[in-house]
Amino acid sequence: MTPTRSESQGEPGDETAWLEALLRAARPPDLDDAGFSAAVQARIAVPKGTVTPAAALAAAGQAERRVRRHGHWTIAGALVGALVAALAAQAGPGTAVDPAANPAPALALLAASTVLAWLAISRKLN
Amino acid sequence: MSAPTPAEADPGDDDDDDALVLAAARRGDAAAFGKLVMRHQASLRRQLRHLVRGSDGVADELAQDAFVLAWRRLGEFRGEARFSTWLHRIAYRRFLMHVRAQASRVELVETSEPEPAPAETAAEADVDLARRIDVERALARLPDTQRLALFHCFQLELSHEEAAGVLGMPLGTLKSHVARGKARLREALAAWAPAHGVDA
Numbered sequence: 000m001t002p003t004r005s006e007s008q009g010e011p012g013d014e015t016a017w018l019e020a021l022l023r024a025a026r027p028p029d030l031d032d033a034g035f036s037a038a039v040q041a042r043i044a045v046p047k048g049t050v051t052p053a054a055a056l057a058a059a060g061q062a063e064r065r066v067r068r069h070g071h072w073t074i075a076g077a078l079v080g081a082l083v084a085a086l087a088a089q090a091g092p093g094t095a096v097d098p099a100a101n102p103a104p105a106l107a108l109l110a111a112s113t114v115l116a117w118l119a120i121s122r123k124l125n
Numbered sequence: 000m001s002a003p004t005p006a007e008a009d010p011g012d013d014d015d016d017d018a019l020v021l022a023a024a025r026r027g028d029a030a031a032f033g034k035l036v037m038r039h040q041a042s043l044r045r046q047l048r049h050l051v052r053g054s055d056g057v058a059d060e061l062a063q064d065a066f067v068l069a070w071r072r073l074g075e076f077r078g079e080a081r082f083s084t085w086l087h088r089i090a091y092r093r094f095l096m097h098v099r100a101q102a103s104r105v106e107l108v109e110t111s112e113p114e115p116a117p118a119e120t121a122a123e124a125d126v127d128l129a130r131r132i133d134v135e136r137a138l139a140r141l142p143d144t145q146r147l148a149l150f151h152c153f154q155l156e157l158s159h160e161e162a163a164g165v166l167g168m169p170l171g172t173l174k175s176h177v178a179r180g181k182a183r184l185r186e187a188l189a190a191w192a193p194a195h196g197v198d199a
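Protein chains in written order, with numbering that gives the first Met the number 0: chain A, 0 to 125; chain S, 0 to 199.
Hint data in this document are derived by calculation from the structure and do not stem from the laboratory. Be a bit skeptical, because a hint or two may be false.
As the list claims (entries may be wrong) - With beta-carbon atoms standing in for the labels, derived distance ranges:
1. S:23 to A:85: 57 to 63 angstroms
2. A:28 to S:101: 50 to 56 angstroms
3. A:34 to S:18: 26 to 32 angstroms
4. A:58 to S:127: 55 to 61 angstroms
5. A:32 to S:79: 25 to 31 angstroms
6. S:186 to A:37: 43 to 49 angstroms
7. S:22 to A:55: 19 to 25 angstroms
C-beta: ideal position from N, C-alpha, C; glycine also.
Using the sequences provided together with the hints, build the complete structure.
Structure (structure tokens):
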């Protein structure tokens, strides 16, 4: 928007045109900065250790990405657990399994437990 | 008639550049905002020195406050007015807050006598200074609404619309104050009319 400037506020032939010119001519003199801008800058400067809005937004974005990444790992863990369950079912229902004779299901359960424990611990730490 | 410097007389010339610097400032660039402060400080301080008559120190403090408020509220600036007009509006509101805090109604309601003009004897030999002093005194005798309307329109170079926005009054009301103020000034400053040898 470019508003009409006051220069054009007097009507042509306005008998107060001289007055408007006089008012403009008599405006106070321009002020030197004399440290004023520096004083304002000092007031708006962000103290060390203070989180700026931009930094806070960046940190929030990182946290969101971290949560999403952990979500992916959780799904992967669930899939591994389901696979282990399927393998265990194939081993035979209701029959005693000698771990020494058939170590695969036991090793699979151990691996799954380890993965799930790692996921739980890593989420807790983050 | 002395021609004002372009940066002061017509801040609108810097509007495009203002927009670029403003965009950087809105991203949190304090240095960019510093450029805006340097560009507009004279106009804002002139406004507040007129409002806070007799205390340039207080006026400058209020001007600083206005810039700090503007920095914090940059996100609220929608570009519907010029940036300088927005700053003047913030400054005027800061001044009103100051007046309320001081519990002083003198500045807004009553018309006070002007401050003694500095170096008045020198003014006799300086037409420009004498003219300025006469105008300041004549303005000071006006009701505040008329004085503020004339000051914002003709000494801060705001349009009627902008001045009405800064002062928070309807456009028609502002125009009415301007007209009445001009009528009174025409009598008070008749000695400066062209018939008396002053080119308009």
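Violating hint indices (sorted, rising): Result: hint 2 breaks, nothing else.
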